[in-house]
Amino acid sequence: MQPLEMSAVDLVAALRQGDITAVESATVFLDRIEATNGSINAFLAVDREGALARAADIDARRKAGKPVGPLAGLPVALKDVLCTSDMPTTCASKMLEGFRPPYDADVVARLRRADAVFLGKTNMDEFAMGGSNENSAFGPVRNPWDLSRTPGGSSGGSAACVAGDMAPVAIGSDTGGSIRQPAGLCGITGLKPTYGRVSRRGLIAFASSLDQIGPMARSAADCALIMETIAGHDPGDSTSLAVDVPRYTDLLDKPLAGVRIGRVPEHFAAGLDPEVAKGVEEAFAVLMAAGATVHDVQLPHAKYGIPTYYLVAPCEASSNLARYDGAHYGHRCKDPGQRTAGHTGGFESPLVEMYCRSRAEGFGPEVKRRIMLGTYALSAGYYEAYYAKALRVRRLIRQDYLDAFQTVDLIGGPVSATPAFKLGEKTDDPLAMYLVDLYTVGTNLAGVGGISFPCGFTKSGLPIGFQLQAPPLAEPLLLQAADRFQRLTDWHRRRPQAVGVVKT
Amino acid sequence: MSTTAPYTTIIGLEVHVQLMTRTKLFCGCSTKFGGAPNTQVCPTCLGLPGSLPVMNRRAFDLALRAALALECTIAPFTKWDRKNYFYPDLPKGYQISQFDLPFSSDGFLEVVDPKGAFEPCRVGIVRVHLEEDAGKSMHDEAAGTRDSRIDLNRAGTPLCEIVTQPDLRSPQDARAWLNELKLLLVYLGVSDCNMQEGSLRVDANVNLHIPQADGRVAKTPIVEIKNMNSFRSVERALTYEAARQWEDWQATKAEMGKTPKQTRGWDDPAGITRAQRHKEESSDYRYFPEPDLVPVTVSQQQIASLRGEMPEPPVSLRKTLAAKWNIPAYDADVLVNQGRDLVDYFEDLATRVGEGKVASNWMQQDVLRILNETNGTVSEFTVRPEGLADLIGRVKKGDFDTSRAREIFAEMVTSGRPVDTVVAGMGIAAVSDDDVIALCRELLAANPKIVADVKSGKEQAAAGLIGQAKKKNANVNPGKVRAVCIDLIRGME
Numbered sequence: 001m002q003p004l005e006m007s008a009v010d011l012v013a014a015l016r017q018g019d020i021t022a023v024e025s026a027t028v029f030l031d032r033i034e035a036t037n038g039s040i041n042a043f044l045a046v047d048r049e050g051a052l053a054r055a056a057d058i059d060a061r062r063k064a065g066k067p068v069g070p071l072a073g074l075p076v077a078l079k080d081v082l083c084t085s086d087m088p089t090t091c092a093s094k095m096l097e098g099f100r101p102p103y104d105a106d107v108v109a110r111l112r113r114a115d116a117v118f119l120g121k122t123n124m125d126e127f128a129m130g131g132s133n134e135n136s137a138f139g140p141v142r143n144p145w146d147l148s149r150t151p152g153g154s155s156g157g158s159a160a161c162v163a164g165d166m167a168p169v170a171i172g173s174d175t176g177g178s179i180r181q182p183a184g185l186c187g188i189t190g191l192k193p194t195y196g197r198v199s200r201r202g203l204i205a206f207a208s209s210l211d212q213i214g215p216m217a218r219s220a221a222d223c224a225l226i227m228e229t230i231a232g233h234d235p236g237d238s239t240s241l242a243v244d245v246p247r248y249t250d251l252l253d254k255p256l257a258g259v260r261i262g263r264v265p266e267h268f269a270a271g272l273d274p275e276v277a278k279g280v281e282e283a284f285a286v287l288m289a290a291g292a293t294v295h296d297v298q299l300p301h302a303k304y305g306i307p308t309y310y311l312v313a314p315c316e317a318s319s320n321l322a323r324y325d326g327a328h329y330g331h332r333c334k335d336p337g338q339r340t341a342g343h344t345g346g347f348e349s350p351l352v353e354m355y356c357r358s359r360a361e362g363f364g365p366e367v368k369r370r371i372m373l374g375t376y377a378l379s380a381g382y383y384e385a386y387y388a389k390a391l392r393v394r395r396l397i398r399q400d401y402l403d404a405f406q407t408v409d410l411i412g413g414p415v416s417a418t419p420a421f422k423l424g425e426k427t428d429d430p431l432a433m434y435l436v437d438l439y440t441v442g443t444n445l446a447g448v449g450g451i452s453f454p455c456g457f458t459k460s461g462l463p464i465g466f467q468l469q470a471p472p473l474a475e476p477l478l479l480q481a482a483d484r485f486q487r488l489t490d491w492h493r494r495r496p497q498a499v500g501v502v503k504t
Numbered sequence: 001m002s003t004t005a006p007y008t009t010i011i012g013l014e015v016h017v018q019l020m021t022r023t024k025l026f027c028g029c030s031t032k033f034g035g036a037p038n039t040q041v042c043p044t045c046l047g048l049p050g051s052l053p054v055m056n057r058r059a060f061d062l063a064l065r066a067a068l069a070l071e072c073t074i075a076p077f078t079k080w081d082r083k084n085y086f087y088p089d090l091p092k093g094y095q096i097s098q099f100d101l102p103f104s105s106d107g108f109l110e111v112v113d114p115k116g117a118f119e120p121c122r123v124g125i126v127r128v129h130l131e132e133d134a135g136k137s138m139h140d141e142a143a144g145t146r147d148s149r150i151d152l153n154r155a156g157t158p159l160c161e162i163v164t165q166p167d168l169r170s171p172q173d174a175r176a177w178l179n180e181l182k183l184l185l186v187y188l189g190v191s192d193c194n195m196q197e198g199s200l201r202v203d204a205n206v207n208l209h210i211p212q213a214d215g216r217v218a219k220t221p222i223v224e225i226k227n228m229n230s231f232r233s234v235e236r237a238l239t240y241e242a243a244r245q246w247e248d249w250q251a252t253k254a255e256m257g258k259t260p261k262q263t264r265g266w267d268d269p270a271g272i273t274r275a276q277r278h279k280e281e282s283s284d285y286r287y288f289p290e291p292d293l294v295p296v297t298v299s300q301q302q303i304a305s306l307r308g309e310m311p312e313p314p315v316s317l318r319k320t321l322a323a324k325w326n327i328p329a330y331d332a333d334v335l336v337n338q339g340r341d342l343v344d345y346f347e348d349l350a351t352r353v354g355e356g357k358v359a360s361n362w363m364q365q366d367v368l369r370i371l372n373e374t375n376g377t378v379s380e381f382t383v384r385p386e387g388l389a390d391l392i393g394r395v396k397k398g399d400f401d402t403s404r405a406r407e408i409f410a411e412m413v414t415s416g417r418p419v420d421t422v423v424a425g426m427g428i429a430a431v432s433d434d435d436v437i438a439l440c441r442e443l444l445a446a447n448p449k450i451v452a453d454v455k456s457g458k459e460q461a462a463a464g465l466i467g468q469a470k471k472k473n474a475n476v477n478p479g480k481v482r483a484v485c486i487d488l489i490r491g492m493e
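Protein chains in written order, with the working numbering: chain A, 1 to 504; chain B, 1 to 493.
Hints listed in this document are in silico derivations from the structure and should not be mistaken for laboratory results.
Just so you know, even glycine gets a beta-carbon here, dropped at the ideal spot from N, CA and C.
Accuracy of the hints is not assured; some may be wrong.
[To be verified] Label-pair restraints from in silico Cβ distances:
no.: 1; chain 1: A; residue 1: Arg369; chain 2: B; residue 2: Gly35; range: 37 to 43 Å
no.: 2; chain 1: B; residue 1: Ala304; chain 2: A; residue 2: Asp57; range: 52 to 58 Å
no.: 3; chain 1: A; residue 1: Ala257; chain 2: B; residue 2: Pro76; range: 43 to 49 Å
no.: 4; chain 1: B; residue 1: Gly308; chain 2: A; residue 2: Leu431; range: 58 to 64 Å
no.: 5; chain 1: B; residue 1: Ala304; chain 2: A; residue 2: Gly98; range: 53 to 59 Å
no.: 6; chain 1: A; residue 1: Glu97; chain 2: B; residue 2: Ser230; range: 26 to 32 Å
The task is simple: from the sequences and hints, build the whole structure.
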């Protein structure tokens with residue numbers, strides 16, 4: 001089997017057994033990226049030189065009988081929201097074009113210690129704000145299953161590179177569905193862990209109380225493998241949980257007998273694409289055949305998920321993104337002491353002019369929209385009505401989940417209401433775009449974990465995703481259920497034909 | 001304050017003190033003052049993308065210590081908030097501070113003058129909270145460019161904000177109270193309160209309450225005064241500002257509430273306050289809970305253990321010293337106000353001398369005088385308590401009189417040598433009792449008039465002998481000469 005087609009678990013084993021070298025493996029993926037990135041635009045930066053040097057070092061150490069890390073030689077793609085000391089980190093924003101952090105994110109450092117080989121940085125919606133990848137300042141990512149369609153977002157580059165065989169594994173981040181939704185639209189498996197399970201240090205913040213890093217791969221088993229490396233307590237992140245990391249890969253192969261899966265009837269109301277509904281119902285049937293039982297559960301406040309999310313996230317974002325002011329790093333406008341031609345506002349000072357113009361030039365429209373939403377909602381006189389109320393509703397939403405998990409072990413359902421939509425289809429309608437997060441924001445608001453994996457295809461050949469959500473820290477059960485599903489189905493093994501398989 | 005003033009001055013203070021931690025509030029960078037610009041920084045205090053804060057527990061405990069000493073109520077649950085505003089010395093675009101749930105509130109600090117120069121003054125504390133300091137902006141306008149330079153070494157230094165009730169009634173009280181606050185914080189090891197280095201900063205809110213003929217009290221608009229860099233400046237600025245408001249009132253009759261709170265900067269060389277430019281009508285900092293930090297809980301056990309390890313605050317130390325060493329309240333006050341090092345010196349000395357009042361007198365009349373003259377500190381003082389105790393012991397023994405001992409002491413201070421060496425060097429030798437008696441017999445024989453006067457009851461006449469005695473032997477103790485002469489004269493009868 002060629003490395004391009006291997007699971008991460010198999011590839012790590014092949015590398016360990018010497019069936020393939022790390023340099024060979026890296027080369028195959030780097031060549032694949034070179035051949036296909038032009039049509040998919042999944043990578044913003046590819047580090048061929050660094051990856052090959054690292055791979056050669058791992059091969060040399062292995063050959064010399066020196067110790068190597070658990071992921072030795074495994075190629076990994078990193079979402080460009082993660083700080084890397086040896087590659088630019090832009091968040092797909094002009095604001096950070098060319099920015100190189102002086103440090104590695106905690107997950108990046110963990111992956112390095114495990115001897116993973118970084119292929120490059122993947123495209124995304126600017127500052128992780130968006131559900132279609134069309135908010136990237138460096139062009140949208142295209143869905144490998146249909147190049148005219150979105151891969152979803154914001155981790156669209158990470159999803160598309162795995163779906164397009166450009167990397168066996170990618171790291172994404174999920175604030176309101178940014179791992180699970182693109183995984184669903186690209187036919188791969190993506191895990192959004194419990195808030196605090198993976199350190200956020202070095203993850204460029206969008207909404208700090210919602211952001212969480214997770215693996216995106218072809219299978220639940222591959223996600224489990226990556227989780228063993230990236231999960232764990234980080235004293236440098238105050239919100240990181242000081243809880244031991246289980247051996248996720250050892251906990252996979254267990255029957256689902258007796259596992260109770262909740263089904264939220266409202267998820268199947270108007271607005272859900274019939275083909276998606278059918279795929280999701282069939283997935284429930286597979287899980288039942290595997291021994292699970294399915295029960296209706298209520299999440300009474302789920303209907304407030306989107307409005308709550310679109311207050312909490314922009315409020316935090318408006319503050320998190322204040323640091324991009326042109327003063328210390330990132331984009332700074334030219335000649336702030338000069339009034340620009342056509343400038344109609346008052347000229348306060350060169351400093352204020354620099355702030356205004358640097359930010360006006362550096363940020364894209366969606367980022368500006370969310371900064372304005374958040375700034376407005378936090379303003380004196382509006383705080384109570386918006387932000388404070390959103391926090392109260394958020395607590396109710398979390399309580400709904402905790403209540404539901406008294407009677408079921410998991411909650412299943414669709415990831416997105418529709419399969420991948422056409423690029424450009426929703427760009428003029430921000431509200432329609434916000435609704436793509438309908439089924440995913442609750443997980444983040446509640447701080448629990450969720451996994452998305454393929455459960456079928458539409459007649460036109462687009463992947464359909466299935467989502468499972470679990471109580472806090474029940475990642476082993478999420479991975480176990482998804483893995484069991486993948487042992488019984490082959491949806492996750494299907495490869496897109498759109499970009500073809502490049503012969504290496 | 002003057003009882004004749006036609007108004008009452010109402011003053012409240014906002015004091016920021018940097019805590020004496022080795023590292024910053026939310027990262028491990030050094031807080032040392034005076035480093036080369038931007039050398040004590042890391043991704044967190046630079047506000048780099050992806051960086052996160054982690055609370056420095058030591059800073060929190062020091063702030064708790066201050067709040068406990070200020071008799072504040074400690075909140076069992078406290079959280080952090082972001083105060084959002086743009087400024088180049090604030091690299092994150094927000095300051096991590098505490099808004100609606102400060103860790104402590106509702107305390108007081110009293111200052112009492114043992115000489116009664118002013119009324120005891122108890123000032124309520126609204127709240128004490130913890131926040132991070134900003135960096136420093138250096139505006140280089142003199143260089144003819146518009147460039148400003150930013151030093152972020154200070155960014156993230158732990159800062160304790162203490163907000164008082166408007167309980168102060170005069171600029172003098174404000175200064176005295178600030179002195180007491182500073183003394184307390186230094187005793188507690190909370191801050192070095194060095195105003196030159198910016199580790200203590202004061203803003204003052206002031207207005208006037210003016211009784212009206214109809215019984216109503218008119219209140220002038222509150223002015224916030226900034227940019228005062230010594231307690232003396234605070235006193236001067238408040239004095240100036242009260243007078244300015246009085247004049248303004250007479251001219252405009254403008255009352256509080258009709259205009260927004262004004263901020264005025266103190267111009268120390270000019271001795272006036274100047275209106276500062278209004279940035280906005282009112283700043284909207286868009287406070288919200290800091291999602292990168294977890295709330296802090298404080299248990300009764302933690303409070304008890306902190307209390308247990310707290311150094312004795314000045315207010316109780318004054319009483320302790322007065323009682324333990326049997327010295328007047330005034331003495332205890334003077335000693336305590338000089339700081340813990342001096343108190344330790346005194347207690348060491350008093351223990352060796354075995355008599356508090358004698359030790360206290362030496363401290364006040366000699367040690368403190370020399371420290372003031374040389375602008376020195378007691379920890380660097382050349383004469384240690386054992387040396388001074390030695391000297392005092394010799395005086396008590398009658399080896400020299402006090403004025404002679406002062407000369408010796410001065411020489412000990414400059415030379416750093418012990419009593420015996422100094423005494424030998426100065427040619428001073430103790431005079432034996434036999435020698436004193438022999439000298440006195442000689443004097444009495446030469447001065448029959450004085451002998452007659454003393455015999456007739458005029459003992460003060462013996463003083464005439466002392467000058468002569470000193471001429472004959474500079475080392476004799478005048479008190480001893482006098483006593484021996486009187487004894488001898490009485491023995492003649």
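Going through the numbered hints above, which ones does this structure break? Give me the numbers in ascending order. As far as the earlier hints go, only 6 is violated by this structure.
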